[in-house]
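Whenever a hint applies, use it, and build me the whole structure from the sequences.
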Amino acid sequence: VSRMGRPLLSLTLLSFLMSLGSGWAWTTPDCTIADSSLLSNISYYIPSCPLAPGLHLFASCSNVSDLAQTLTALPRRLEALCLQGTVPVLPADAFGHFPTLQLLRLQLGTLRITSGAFQRLDQLQHLFFEHPTPCCLSLLLPSDALEPLRFLNSLSFQGYCLNSSQNIQLPLSLSRLTLRHSCLTDLQELQGLFPSLVPGSSPTAISSPWPPFLEVLDLSANMQLSRVGVKTLRGLQLHSLRLDGTPLSALELLASGLLHLDSLSLVDTGAEKLPGNVTAYFELSTLDLGRNQIQHIGDEDLSGYHSLEHLNLHANGLHSLPTRFLSALPQLQRLNLSMNKLGPTLALPEGLVSSNLRVLDLSHNELSALPSGAFSSLPQLEELWLGGNNISNLSSEALEGLRWLKTLDLSWNQIKVLKLGWLSSLPALISLNLLGTYIENFSGRLLQGPQKLSHLWLGSPEILELYPPWPLTLLSLEVWAQSYIQFSVPHGKPFQFLESLTLQASYVLLHPGNNTVHFPSLRHLTLRGCSPGIFSTHKSQRFFPQLHSLEHLHFWSYHGGTEGLQLFGLPRLRVLELGNLDSLSESRPVNLEVLLEDLPQLEVLALSNLNLGNLSVSSFRGLGLLQLLLLNSEWALGLDSSLQEFIPQMPQYVYFSDVTFICQCESSWVGPWAARAPNTFVYGLEKSICMANASDYFKTPLLSFLSGHCPDNLELQSFLTSFTLVVLVIIFALLGCPNWSWLHHLQALFHAWWRKLGGRNHRSQYHYDVFISYCRQDRAWVLAELIPALEKPLPAGEGLRLCLPERDFGVGQDRMETTAASIESSKTILCVLSHQALGSPWCNLELRLATYRLVAKPGTTSLLLLFLEPIDRRQLCSYHRLARWLQKEDYLHLPQRSANWEAFWEQLRRRLRKAVQEKE
Amino acid sequence: MEAEPPLYPVARAAGPQGDEDPLGVPDGQAAPLDDLVGAYPNYNEEEEERRYYRRKRLGVLKNVLAASTGGSLTYGVYLGLLQMQLILHYDETYREVKYGNMGLPDIDSKMLMGINVTPIAALLYTPVLIRFFGTKWVMFLAVGIYALFVSTNYWERYYTLVPSAVTLGMAIVPLWASMGNYITRMAQKYYEYSHYKEQEQGPQNRPPRGSHAPYLLVFQVIFYGFFHLSFACAQLPMVYFLNHYLYDLNHTLYNVQSCGTNSHGILSGFNKTVLRTLPRSRNLIVVESVLMAVAFSAMLLVLGLCGAAYRPTEEIDLRSVGWGNIFQLPFKHVRDFRLRHLVPFFIYSGFEVLFACTGLALGYGVCSVGLERLAYLLAAYSLGASTASVLGLLGLWLPRSVPLVAGAVLQLLLTLCLFFWAPVPRVLQHSWLLYVAAALWGVGSALNKTGLSTLLGILYEDKERQDFIFTIYHWWQAVAIFAVYLGSSLPMKAKLSVLVLTLVAAVTSYLWMEQKLQRGVVPRQPRIPRPQHKVRGYRYLEDDNSDASDAEDEAGPRPGPEPAGLSRRSCPYEQALGGDGPEEL
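For the protein sequence lines, the chains are A and B, in the order given.
Read in order, the letters of the first sequence correspond to residues 518 to 1437 in the numbering used here.
Read in order, the letters of the second sequence correspond to residues 7 to 591 in the numbering used here.
Hints listed in this document are in silico derivations from the structure and should not be mistaken for laboratory results.
The beta-carbon is built from N, C-alpha and C at its ideal position, and this holds for glycine as well.
Incorrect hints may appear among the rest.
[To be verified] If you anchor each label on the Cβ, the simulated ranges turn out as follows:
id, chain 1, residue 1, chain 2, residue 2, range
1, A, 1204, B, 493, 45 to 55 angstroms
2, A, 1114, B, 287, 27 to 37 angstroms
3, B, 499, A, 1204, 32 to 42 angstroms
4, B, 246, A, 1135, 52 to 62 angstroms
5, A, 1245, B, 256, 32 to 42 angstroms
6, B, 256, A, 1037, 53 to 63 angstroms
7, A, 614, B, 106, 49 to 59 angstroms
8, B, 295, A, 1269, 32 to 42 angstroms
9, A, 1089, B, 246, 35 to 45 angstroms
10, B, 246, A, 1037, 22 to 32 angstroms
11, B, 106, A, 650, 30 to 40 angstroms
12, A, 1245, B, 518, 24 to 34 angstroms
[As the list claims (entries may be wrong)] Just a few of them, taken from the derived set where beta-carbon distance is under 7 angstroms, the chain A residues facing chain B:
id, residue
13, 1189
14, 1190
15, 1232
16, 1233
17, 1247
18, 1250
[Said to hold, decoys possible] These stretches of chain A come out as covered by chain B in the derived footprint (C-beta under 8 angstroms, 3 or more residues):
id, stretch
19, 929-938
20, 1164-1172
21, 1237-1245
22, 1420-1433
Put into structure tokens, the structure is as follows:
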């Protein structure tokens, strides 16, 4: 035969098994792993990690104490990694697992980095060392630690003192260097820290073929940085320098040895005057002076600004601008004057007609009136920000001359009425923001004039009624109102190309109630506070009939529950966010099964405060493409055990934030699943609590409840049971089938031992002390001599209980059986042997039974042979090997002369006594 | 002593049989007993004897059926469980979620190593084991060990799976060697029971050579019919349980590039996740309990229904050869050129089954039609093999080499076809071809297995060496399986070439042997030493101890009435010596 296919699959699968690496990672506590491309618009639910554009898969871990353990649990293909915790030493090759890592943000407290810590991070572009509270922890960075980072683009130290590190070699690719909140006091210290950056006069600097170059050097928030030192930055090519919040005087930069600078940021430095010299010296193109105290600018301050292209004077308390302002800044393209005091009437300085200004921000300036032709001097203006002012009246004259204006922001003004044709002078307008105004009836006719208006924001505090006609070019529309928004749509398809729609109101109405409004191109729909009836199953209530191209739906309802809500006719929906803002109302559990029945393309599902009740596998049926599931603010959420089967198809990312579970063992599978399921990243379970019922205030952490209350040892029990059963059957079968003499012997020894162990308990099995076997011919001697000698009561005889077949066997009993039974129940067998006895079948039988017992059950009985007459050895041989027997066993010879009998009796009694006592 | 003696000596009351009574009364003195028994006026001795032997023959048939079912159930359960567990463990999600950091792949590979490597040592202990416990008891023990293995699968840990796998590996060769021995022995017994008259007339004459061959053939056909069914039984857990959880081929074979003859290793590129949904542990326990119950009932079947293969006296004699001799004898049999010539065939026999299950079912089958059809492919193989076992009966009319060579040629043709066939992954159009190939391979397997086992039974008739021969046979298979285990990552073409080469070598070598035998070349057989009874003094006890029926039906001459004291009686075993082929002295 063959054990033929035995290894069968085994082999096969063996090779798979061996080839498996643990290339995947699974969730660790305190780590969020997410794909930012899936988190667009809903990233606020989970702790995130500030990313660089283009990075998707990131991990953000907090409370890290064992770095190696945390890192082994993360997926290898991470692109960005943020670590927060306390790790004193960064070991060598700490991040070797993550060859594709591009961004690394470390908040690990006081840190000592070993020199090979960043090995194998070939693709790392951004490296941040951060400490949240300002100044300063110490950071020890060996000089060659950054060498492996060949593509490092930006390097940032925030809240760290680098005093103990020296001579750090920066990669050539570095273009942004940030040292915020450090203990830097003198720019000269940079030389010691980064000799390759500032070759200056430092003799230790290694001369490199390329001159040091930096795009941005950010030294903001260094409260002690007050000295620059002469020529400390000599040789450094720098585009942008940020000195926000430092007590450094801008003038000192002139002596720093910097030859060229494009952009300088001096936010919140307490400056009261424009730093004209610096601007002129470096021919700056960008100057940021936000949050300073420059309240007045005189014409004389403006010399040397001819190269400036961007100027930020945000929050400076400016009252007015000098008359020569625009002509002194001929290159100016972007001017930020927000949060100043330029109101109430705007007075812009006259300038050259050819002013290049494209972006003008005048928001929050308490402006209340715009004189006509206010912006006529700025013909190139493309963006005009007027939000947060007090403008109540706006005429077309005020906006005259803005032929290229594309963006107009009038939000949060006091505008109540707009005249027809007010936009007639803005033919290029693309985006118009009227949020926070008081217009309650908005007719599409107000928008006549611009040809390409595509983005529109409308809002009023109470109600908003919208009337046609609407510009066909509209791509995005956002409408806010407190109580209701009413669309009047008599006919046609006004929103043919609308792609994005945001509505915030309690009710959304349609004027001729039986009409429908179609949004054939709508892709993003955001509804805040609307009643769920907007997606009702009833055709009559339903506002949105069918949205064939809708991909994103964010729906927040204030109306308690989502009754009547059913999402169908949304074949392309990829992202769905459903939430109930009314956290107090007691609503019935939402039936996800019905709600999500018909969403075949859904990839992202975020559910917030919906009272989901019990989640089971049926809730997710048909959501084959779901990649992200987010549950937020759930109360008494149950995870059904049927979901356990669903584990392989679970979305890749599952997040629980602020979820209270029901304490039930049904969900005991979530622990292993969350911790170990490959390809699924679960966040938030370790912080979740569970409650046994609504009145349970002992909030137990879910996972500890599950591990403490839900032991699952059925497998172990079945194993033990079946194993024991099989072993017992084997043992008993082997013992019970005495085919082997050794086993037999063993069994007998065991019996004897057992009996000895049992002691007195087994005494009762002996009815007799001595079984006497004799033949008819010897009967006379036995009755006359033997029996009295043994059976007489104690003083005279021995008082033994004798068993004589002829005397003690009952009438009608089978003699053979009784013989066997009596031998069994006698402590000793005494065989009286003579020639006649050897010839007698019964004596033979008894002898045979006795010898058999001796062999089969040693220790249970003993055999004593008593020879009445000498018998030839040869004769004995024929009888059951008596001869051999005699060689090692007891036998007695009856003396020929009766004179010696006394001694013989004594000997016999002694033997029997001994044998009997042994049995006791 | 639990067996009560029959009240009257049944078949052969005449003759000096007094010694047979366990409570024996010496001969000549039986008069008192006769009084008890009384006389039977209508006693028809002929008729009683006929009935008696018919009962014995039915008993032998029952033994064969019980052994076959027991073996097949055990093997089916084992195979089904292993297959199910390996598939489950292969799935990354299941493994991680259920076992996490336990290192299940490592455990599984150690387990497979235990199953595949341990049998290599079997040559050392199998004969000792079989002689020590006796054939039936080794069968029972090994089946018990299989059941233990099944039981450890409830609780999959390193310290349960690996030891049980190693133990299982130790039990494999003893089990199948003793099964082969058992079936052969049953055939001989059946012959004895159906020709009892000839035996009585000339008790000293051994039956003519090859006389039991027809029975042997039938019995082996029955055994292999059942045995090959076990592959189909092994698929039941998959069909009724696991298949509901599997992904279809579009998922599992997504990255599989080449199949069949172009493939390398086993299913390279196979998806790491094969389970669409995870089975709940409760369901798994239910399935395992069913398997456990079947394994347990197989144990009880072997224990309760399989009679002893030898009479107790024979077993004692077999055991009394001396353990050193028993240990050496398998090696000494290398002197026999017949065995030497058959070794390639033994090896091929191991290759062939493994190829059906791994190469064909996985490399050609699963690779192209998906894991969900594995069960059906193996079932096709199994049913093909099981039904084709009947073809082994051709040996009744044709020369014994014909079925064996026919199976080999069939498999050779199939292998050559497979050499040029690379099924396209994820294409179902040619799945019928796969089923046909599997079934045909099964036909080849059946012919091979029945042929070889029958051949061994015919070549080595004497019962005192059958266990050695079957041990050698199964040990070589174990070696072959170990070789496949080592070479599982080879390209399919290499595997096919090895298969073809082995097959050609096997057939050539076999035919050469047959030709040598026809020329009359006399094989050298190692002499089996005479039994040395240490416990000579009490042999009568053991005599009495044996089953009443067994003691009675002894075909050979009974020891004389004279008490076996100093002069040792000659046992039937010794009488049997020297009959079977010339022996080396």
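Is the interface hint satisfied for residue 1247 of chain A? The criterion is a beta-carbon contact with chain B at less than 7 angstroms. Holds, because the Cβ-Cβ distance from residue 1247 of chain A to chain B comes to roughly 4 angstroms (cut-off 7 angstroms).
Against chain B, with CB atoms and a cut of 7 angstroms, does the hint on residue 1190 of chain A hold up? 5 angstroms, holds
Status of the given 32 to 42 angstroms range, CB of residue 1204 of chain A versus CB of residue 499 of chain B: Between residue 499 of chain B and residue 1204 of chain A, where Cβ atoms are some 56 angstroms apart, the hint is violated.
I want to verify a distance hint. Is the separation of the beta carbons of residue 1245 of chain A and residue 256 of chain B within 32 to 42 angstroms? 49 angstroms, violated
A range of 22 to 32 angstroms was offered for this pair. Does it hold for the Cβ distance of residue 246 of chain B and residue 1037 of chain A? 51 angstroms, violated
Within 53 to 63 angstroms: is that where the Cβ-Cβ distance between residue 256 of chain B and residue 1037 of chain A falls? At roughly 34 angstroms between Cβ atoms, residue 1037 of chain A and residue 256 of chain B fall outside 53 to 63 angstroms, so the hint is violated.
Counting residues of the stretch 1420-1433 of chain A with a beta carbon closer than 8 angstroms to any beta carbon of chain B, are there 3 or more? Not satisfied, violated; 0 residues make the cut.
Would the stated hint for residue 1250 of chain A survive a check requiring a Cβ distance to chain B of less than 7 angstroms? Because about 5 angstroms separates residue 1250 of chain A from the closest Cβ in chain B, which is inside the 7 angstroms limit, the hint holds.
Please check whether the stretch 1237-1245 of chain A has three or more residues whose CB lies within less than 8 angstroms of a CB on chain B. Holds, because 6 residues of the stretch 1237-1245 of chain A bring their Cβ atoms closer than 8 angstroms to Cβ atoms of chain B.
Go ahead and decide if the range 24 to 34 angstroms is satisfied by the Cβ distance of residue 1245 of chain A to residue 518 of chain B. At 52 angstroms between Cβs, range violated.
The stretch 929-938 of chain A covered by chain B? Criterion: 3 or more residues, Cβ-Cβ distance below 8 angstroms. violated (count 0)
Per-stretch coverage check for the stretch 1164-1172 of chain A, three Cβ contacts closer than 8 angstroms to chain B: holds (count 3)
Of the hints listed earlier, those the structure fails to meet are numbers 3, 4, 5, 6, 7, 10, 12, 19, 22, in rising order.
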